[in-house]
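S.K.: Kindly produce the complete structure, drawing on both the sequences and the hints.
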Amino acid sequence: MLAIEREGLMENLLEAQNVKKYFPIYDGGVLFKKYRMLKAVDGVSFSVRKGECFGIAGESGSGKTTVAKLILLLEKITEGNILFEGKNLGRLIKQDRSWYRRRVQTIFQDAASSLDPRMRILDIVSEPMEVQPSGTQSKSVIRHRTEEILHLVGLGSATLKKYPHELSGGQKQRVAIARAMILEPSLVILDEPVSALDVSIRAQILNLLTEIQEKQRITYLLIAHDLAMLQNISDQIAVMYLGKIVEMGNTEEVFDRPMHPYTKALFEAVPRPEPGRAKEVPAISGEIGNPIYPPSGCRFHPRCKETVPECRENEPVVRNIGKNHQVACHLLTRR
Amino acid sequence: QEGSSNPLIIAVKAEPDTLVPTDTKYAVTSNPISNNIFERLVDLSTEGKFVPGIASWEIMAGGKEFLFTIRKGVKFHSGDPLTTKDVEFSHNRSWEKSPTYKRYLRGFDRIEIIDDYHCKFFFKAPDVLFIPTRYLQIVSKNYFDRVGEEEFLNKPVGTGPYKLAAWKQGDYIDIERNEEYWGKKPQVQKARFVFTKEDTTRIASLKTGEAGMIMDTPYPLVKDVENAGFKTVRLYTHPPCSVQFHNNNPNVPWYHQKVRLAIAYAIDKDAIVNDLFQGIPAGYPRLAPWELGYDPELKQYPYDPEKAKALLKEAGYPRGFEMPLYYFAGRSYGQKETTEAVALFLNAVGIRCKIQGIEAAQMLAKVRAWHNDPKTEYVGVASVPMAFLPDPVEAISTAYLSTGWGTMYFNKEHLDPIIEEAMVTMDDTKRGELIKKAIKILHEDVASIQIWANTSVYAMKQNIDFTPTLKNREALMLVKDVIIK
Amino acid sequence: MRRYALRRTLLGIITVVIVSMIIFIATRLSGDVAILIAPPDASDAEIQEIRVQLGLNKPIPYQYYVFVRNALKGDFGRSIRYNRPAIDVLLDRFFGTVELVGTAFIVSIVTGVLLGTLSATRRGTWLDQSGKLFALLGQSMPGFWVGIMLILVFSVNLGLLPTSGRDGISHLLLPSFSMAWYSIASIMRVTRSSMMDVMDSEYIKMARSKGNPEYIVIWKHGLKNALIPVIALAGVQLANLLGGAVIIENVFNWPGLGSMIVDAIYARDYPLVQAGVFFISIFLIALNLIVDLLFGFIDPRITYE
Amino acid sequence: MAEKCLLSVEDLKTYFYTKAGVVKAVDGVSFNIREGEALGLAGESGSGKSITCLSILRLVPQPAGRIVSGKIRFQGEDLLDKDNVEMMKLRGKKIAMILQDPLMSLNPVYTIGNQVSEAFKLDGLKGGIGIKQKVVEVLSRVKIPSAERRLKDYPFQFSGGMRQRTAAAIAIARNPSLLIADEPTTSLDVTIQDQFLRLLKEMQKQNHMGLLLITHDLGIVAESCDRVAIMYAGKIVEIGTVRRVYENPTHPYTQALMKALPKLGTRSKKFYQIIGEPPDLSDLPSGCSFHPRCPKQLYICKEKYPPLTPIEGGGYASCWLLNERV
Amino acid sequence: MNNMKIITRNPHHLFSVLKHVPVIPLLLLLPMIVCGIFGPYLYLHDPTAMKLSMALKPPAWVSGGDWSYLLGTDNMGRDLLSRLIEGARASLIVAFFGVGFAGIVGVSIGMIAGYFEGKIDNIIMRFVDAQMSIPAILLIILLAAVLGGGLATIILSITLVFWTQYARVIRGETLSIKQRDFVVLAKVTDCGTFRILRKHIFPNTTNTIMVLATLQLGRAIIIEASITFLGMGIQPPATAWGLIISDGRIYMSTAWWIPTFAGMAIMITVLGANLLGDWLRDRLDPKLRQL
Ligand SMILES: Nc1ncnc2c1ncn2[C@@H]1O[C@H](COP(=O)(O)OP(=O)(O)OP(=O)(O)O)[C@@H](O)[C@H]1O
Ligand SMILES: Nc1ncnc2c1ncn2[C@@H]1O[C@H](COP(=O)(O)OP(=O)(O)OP(=O)(O)O)[C@@H](O)[C@H]1O
Ligand SMILES: [Mg+2]
Ligand SMILES: [Mg+2]
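Residue numbers (my numbering), protein chains in the order written: chain A, 1 to 335; chain B, 1001 to 1485; chain C, 2001 to 2305; chain D, 3001 to 3326; chain E, 4001 to 4291.
One or more hints might be untrue.
Lysine-lysine pairs mimicking DSS-like chemistry, simulated, CA-CA at most 27 Å apart [said to hold, decoys possible]: (1) B/1375 / B/1013; (2) C/2058 / B/1366; (3) D/3082 / C/2220; (4) C/2224 / D/3089; (5) B/1412 / B/1375; (6) D/3269 / A/215; (7) E/4199 / A/76; (8) A/162 / D/3019; (9) D/3201 / A/305; (10) D/3019 / A/161; (11) C/2132 / D/3019; (12) E/4187 / A/20; (13) D/3270 / A/264; (14) A/87 / E/4187; (15) D/3132 / C/2220; (16) D/3093 / C/2220; (17) B/1309 / E/4051; (18) E/4119 / A/94; (19) E/4187 / A/139.
Here are a few chain D residues that face chain A, going by a calculated C-beta distance under 8 Å [as the list claims (entries may be wrong)]: (20) 3149; (21) 3159; (22) 3194; (23) 3217; (24) 3220; (25) 3222; (26) 3243; (27) 3246; (28) 3260; (29) 3269; (30) 3271; (31) 3274.
Hints are computed from structural coordinates only; laboratory data are not their basis.
Note that the Cβ used here is the ideal one computed from N, Cα and C, for glycine as well.
M.R.: Put into structure tokens, the structure is as follows:
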């Protein structure tokens, strides 16, 4: 909420400009392999402002994680640019790279697998500090800082000597958070940070995350399936479908007035703990398409209930509707 | 009684490379079988005397010419008659195929065919070995011309008392009686040689009755086989297992005769023969009693460790020394055991042995490389071809002539002239004296230390009679001499 | 599937090429056959002559080229020892090995899978326990020792079975079992554990909840899945059995490739060693190829790339 | 509510005897399902939901797991009295089950057609055209597009949603009277989940099946079930009609769950959080298992487990607070 | 979501597992290891001291036996028990060093192949394939022919033959570990490749390595015995169990104790190693059951 009021003042921390990521997929050939392109992310633009929480929603396979990986430099961008504090990630030199890596951290869905089972919590959390090229800190400094950060995420010093399998799921996720936060990054990418956790633990972790964000003015890029959670936490939201953003904008705005048929259907499909709520006719039929052979025109059209002939032919362009709300749908131009 | 139609099964240790005697590279494995099929120009009597078989001969020109008269009416299994053409052909083929043959006939000059039944071998110098080595075995030229190389090799035909019936590679060879044999008809109709490398299995196959007879019974099992109710007979072949020295290198302790003598005293040869090998192998000091040049006076150096130590002290090694002890690692029983025993006896007098078992192919290469290398340090337990062949001259010349094989011992001054003289002395008594002299030098100089002489032990069922005699020396197994009761 | 098969075949061919190189180089490095067959006092010139005769005086790459060129025509050279075409000597022995190893292999797979499955589905019973013991013993004893012991017990003491040779089933029993025991054990253990994993899986729950009788659950739904690692192991076991044959053939005097190769190595009979080892490898590679294809058959996911 | 009782579970206890101790996975669970009714069983991970339904089918993982006591009456007969063969005949025919993971619940090495037809073969049908038709029909019922062409496909060639629908097809193939669905949609996307739940509802209506739907998503329960049971640490802490439980949760745990749930349509960065962690089933806290996390705990909570107490508005809950009020 | 699964998937830590004691495997193995290490202090007789007059004495409890030669004597009158103790050393040296070196080579190569994939991986795996399609024993015999027999040769051959299995297994492990989130996270925190291999991938393969190594110990001992049996392995004066069997096998029917006890020594050791391997595998990671 804060973010919106100060909108004018805030600069973009991260900016994606028409980013594409194609994966070559083996498609026959014995001696010389043949490939086809899997278009995991296909022209995505958005910008994340400092201090806000930018949410990305979308079905499985829509390319959310791929976007995160591109930002984390875990995959090479096929086309387009990602700018971080104005610097193009595609052209970072070596020093820049480690500077960048200090600024950007991530937390994954499955805490169990994001902690090295063979390392003690102390080593796990302090590893980012240890690999810093700029002047290695002394052991005691590192340890001190580790204890501090563990305290921040609500774990006592007793955990330092433990191994991950001695911790519960919630504690593991706290450790993952501590590790991500130890270098005080400016951007943290959260890829489904709580979906592996039990309902009763989720709230604890989410509260912790927001608390840290407020304290340290960190920017979040939050990827999630859980729309209710996104609505509550994120300031901006982008809805992805088959490698493209179909709708994006201020969270309240998008949730209050979803414009894209897919967004609407998605909201409709979420089961709500409200007994007796009358559900409409099936929100959406069919399944997400194949990113190797995406549907022509608007990628959503085979499942869309409101198709017009154009949908099959042309890709809709992103349009601004309202102050902070963009949609890519042919219906809008029609109206 | 005629032999039954069930074949006599004889388990031997190894499969021959080929049965064609002119072509074989591994005579030891071929002989037991091929000598039943092929015959030599010169035959042997049970006493080891050279007697006419398919041919008789006459020595002329003081041992430079040999006239052979072929027995008439002898036929190959293929039906081709035996003529001097075959002799010539066999000679030529052996000459071409067998380096060993070529070496035995060192002084060979030419062969002359007089007619179908007479031919003459010419030598440049008197050759005392030509008759005794009996190396020439006769294959059929006609047959070769008719069937060509492959079949000649695959279905060999000879003049012997048995013909080849079947050869299952890796498994067995069947022979059956040659009903048209020129000589005495053997009793056994069919025999099968099976190749059983593994000693234990070979023994087991006798015990279970699968085999009627086995060759190469390992010494330690002779008693066992006898206890199990089987008959054993022995054939004293040589080559003796002995400790040998490379005495080309003046810097090693064993260059000195005293040290070698000490070693000779330090080894309890009788214990090795009697306790390790249960008294089976013979412990001849050098030559066997039946051999030309045998010296009854010559005695083994007795086991006397105290004397050995004293000698070592005298030689300047009161605290002993370190010494390599090589042996041919392979699968022939006894070498390794002897080596270990020798090492243990020597350790007791302070000579610390470093045993090294080296596989034949590598060992031969080493020996070859060492031949003229004055830095060589070699002491080994090995079987030198000593009196393996009917005339000791052959063995002495190959082993101890300074131009001989990878030789370890040289005595150009004293020994070489004697050996060279013996090689051209056709007269047996004179040659015998020369051999005696040479052996004495070898013995006194401790050129090598004889430990035991190879003995083949045949084990068989009680109803089988087979007595190996001196005529089995190369043949090892002649089925025609077997009687089944 | 076709494409998968093609790819596997191609990989197989590459493997064959590498194998041929390894064997070729190893034989050349193993020593000089000329020295071995020359008489002990042969001169260097005579030895060189033998080398020339055998074509061993040429540089190794050239020798390899000749070997490959001839091998492609089916000519593996002449055995130095037997003076026959190596391929002939080999073929005489090949079927002996096939018979022995084949029997042992089939016995191991059938017994191993059967025992493993039974033991996995009857966890903790006496059958399971004794099966485990049987497997452990099999994996702890050298085959040759087992062989010798078996001869002692079954041939010499009990007089039930022949000691040696190749002549019908009775001759096959002891050697094939001494070889197979180890493999039975391995296969049984893998089947057992793989079966145990499979039996814990969701689709087995599903199969049971459908109302399938237990035998369908085990032998249809369980086994086919459990076989996947077993098949992978089968190739390894086959290699083990072929290696074991080298020793067992010696112990039981079985006319096969294994004992032939050992003798040939002792005699430095290069062409025969090469042909023998190469043949065994090709045999193995071919069988592994079949195993790979079988994989595709059993596990459809594999062929679908 | 005049419907007959289809399944009644009484004081079911299923324990695992492990090296680490006895795991009381299901520890005295009672509930019943009427014909055509859908009961939701919700609760945290590890609270014993799956083991409860496996116990009903008598498929508790062997050899560690054992049904220790209780009664499972299905259509009037106690399943625990039946022998294995009788149980086998019941499974799939009378009680069917859909499992959580669609990828894992279909056998990867058999074709879809093969696996679906198995159900019919068990009914004594011999192979051939007849079976094929039935298979195609049941697959079309669960809305597998062009089912006939896909019979020869393997599970991995199906998408997650299709696989799950295939599993459903197998479950309903023999028209069972009770369908147990153990978290059938956890691995599906919301849109696909929505489709599947609708399908499930539809099938239930058509066949007049009883449905035991296990999930930890309270949203799903609200939309698909008539009644709901909340499980905590092997016990049912509250049971009642969906409307009652959601609008008026009684047990502190239920209350906390309801509050902790992020809801659509609200916006607050602070969520209500339940302190602590779920207990270890082999080492439960004394008394009420929830007491260490309970914001309203009493002395007695630490000592004795509260009995199930009827609540006005229907259903039961087990909490000392209720007893005090009474 | 299933607790159960998380528990079993959780790989145990080597040290925490080693706190428990595998009684039976250790009972079998410990005596052998003690013999291997402290051999010279244990035996009653010098294993090389022969007394030909004492040859082939049966074990003490058999008539004709002598209590100072508990297990009897061999054909040279050496104490069999002392020789078995002495033989333990060779067998264990071969096994430990062979398997150890093979492990070092195989694990490094396997990690490299698995981590970098692509061309390197392809080349390495082709070599592994090729080598695995030559039966191990044949390859070792060939190598023995090249290098000559003896302890060092056997160790080297076992290394050369055994590394492939490590390479294959570890490559597979690396491929899957590499996908795990903690490796990805390490990249995100700017860890270098070497650090990732050393700190993250290697420690996570140690369980597999340990299990594989213990299981291979047994195989190494058996292979050593087999090669020695063929006459290409260990040569006297060194003593090894395989050699005792090999030399003693002709006494099978007359002095059964020689090959029998030596065979049993092998059996017990291999059994112990296998049991230890099984135990470790069950403890460390049930997933490895298929090794
Ligand atoms: N390394 C890769 N190689 C090939 N294809 C990939 C790769 N990574 C992702 N993909 C494909 O790209 C598409 C997008 O994947 P991505 O993981 O970004 O989806 P997602 O939105 O994060 O899905 P989820 O919600 O399931 O995590 C998918 O179709 C996926 O199969
Ligand atoms: N085979 C087993 N051996 C030992 N304990 C087991 C076994 N299976 C399940 N458990 C234990 O039983 C308890 C209940 O498990 P159950 O699978 O019923 O939980 P659940 O409520 O279905 O959880 P989830 O939501 O994760 O599926 C868990 O604590 C689990 O650890
Ligand atoms: Mg994702
Ligand atoms: Mg569950």
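S.K.: All hints, please: hold or fail.
M.R.: Verification of the supplied hints:
Only pairs whose Cα atoms come within 27 Å are accepted, and residue 1375 of chain B paired with residue 1013 of chain B is rejected, the gap being roughly 38 Å. Proximity of residue 2058 of chain C to residue 1366 of chain B is assessed by CA-CA distance (about 22 Å); at most 27 Å being required, the pair is judged to hold. In summary, the hint linking residue 3082 of chain D to residue 2220 of chain C is supported, as the alpha carbons are separated by about 25 Å, within the 27 Å threshold. As the CA atoms of residue 2224 of chain C and residue 3089 of chain D are separated by approximately 24 Å, the hinted pair is consistent with the 27 Å bound.
Of the supplied pair hints, the one linking residue 1412 of chain B and residue 1375 of chain B holds, its CA atoms being roughly 19 Å apart against a limit of 27 Å. Of the pairs offered as hints, the one joining residue 3269 of chain D and residue 215 of chain A holds, with about 14 Å between alpha carbons and a cut-off of 27 Å not exceeded. Taking the CA atoms of residue 4199 of chain E and residue 76 of chain A, the gap is about 25 Å. The hint holds against a cut of 27 Å. Our distance criterion of 27 Å between C-alpha atoms is met by residue 162 of chain A and residue 3019 of chain D, whose separation comes to about 23 Å.
Between residue 3201 of chain D and residue 305 of chain A, the direct Cα distance comes to roughly 23 Å. Compliance with the 27 Å bound is thereby established for this hinted pair. Only pairs whose Cα atoms come within 27 Å are accepted, and residue 3019 of chain D paired with residue 161 of chain A is accepted, the gap being roughly 26 Å. Pair hint residue 2132 of chain C plus residue 3019 of chain D holds up; C-alpha atoms about 21 Å apart against a cutoff of 27 Å. Simply put, residue 4187 of chain E and residue 20 of chain A have alpha-carbon atoms about 22 Å apart, close enough for the 27 Å limit, and the pair holds.
The straight-line distance between the Cα atoms of residue 3270 of chain D and residue 264 of chain A is roughly 26 Å, inside the 27 Å bound, and the hint therefore holds. Restraint check: the Cα-Cα separation between residue 87 of chain A and residue 4187 of chain E comes to about 20 Å, which is no more than 27 Å; the hinted pair holds. Distance check on the hinted pair: residue 3132 of chain D and residue 2220 of chain C sit about 20 Å apart at the alpha-carbon level, within 27 Å; holds. Of the pairs offered as hints, the one joining residue 3093 of chain D and residue 2220 of chain C holds, with about 20 Å between alpha carbons and a cut-off of 27 Å not exceeded.
Proposed proximity of residue 1309 of chain B and residue 4051 of chain E is supported: the alpha carbons are some 19 Å apart, at most 27 Å. A threshold of 27 Å between alpha carbons decides the hint, and for residue 4119 of chain E with residue 94 of chain A the separation of about 26 Å falls inside it, so the pair holds. For a cut-off of 27 Å, the pair hint linking residue 4187 of chain E to residue 139 of chain A stands: about 22 Å separates their Cα positions. Hint on residue 3149 of chain D is violated. Least Cβ distance to chain A is approximately 17 Å, over the 8 Å limit.
Evaluation of the residue 3159 of chain D hint against chain A yields a held restraint, the C-beta minimum of about 5 Å falling below 8 Å. Taking 8 Å as the C-beta contact cut-off toward chain A, the hint placing residue 3194 of chain D at the interface holds, the least distance being around 4 Å. Here the hint on residue 3217 of chain D is kept, as its CB sits about 6 Å from the closest CB of chain A, short of 8 Å. For residue 3220 of chain D, the interface hint holds, since its Cβ comes within 8 Å of a Cβ in chain A; the closest pair sits about 5 Å apart.
Using the Cβ-Cβ criterion of 8 Å, the hint placing residue 3222 of chain D at the interface with chain A is satisfied: the shortest such distance is roughly 5 Å. With 8 Å as the threshold, the beta carbon of residue 3243 of chain D comes within range of chain A, its nearest partner Cβ sitting at about 5 Å, so the hint holds. Interface hint status for residue 3246 of chain D: upheld, as the beta-carbon distance to the closest one in chain A is roughly 5 Å, under 8 Å. For residue 3260 of chain D, the interface hint holds, since its Cβ comes within 8 Å of a Cβ in chain A; the closest pair sits about 4 Å apart.
Residue-level restraint check for residue 3269 of chain D holds (minimum Cβ-Cβ distance to chain A is 5 Å; threshold 8 Å). With a cut of 8 Å, the hint placing residue 3271 of chain D at the interface with chain A holds, because the nearest CB-to-CB distance is about 4 Å. A hinted interface residue such as residue 3274 of chain D counts as satisfied when its beta carbon comes closer than 8 Å to some beta carbon of chain A; here the least separation is about 4 Å, so the hint holds.
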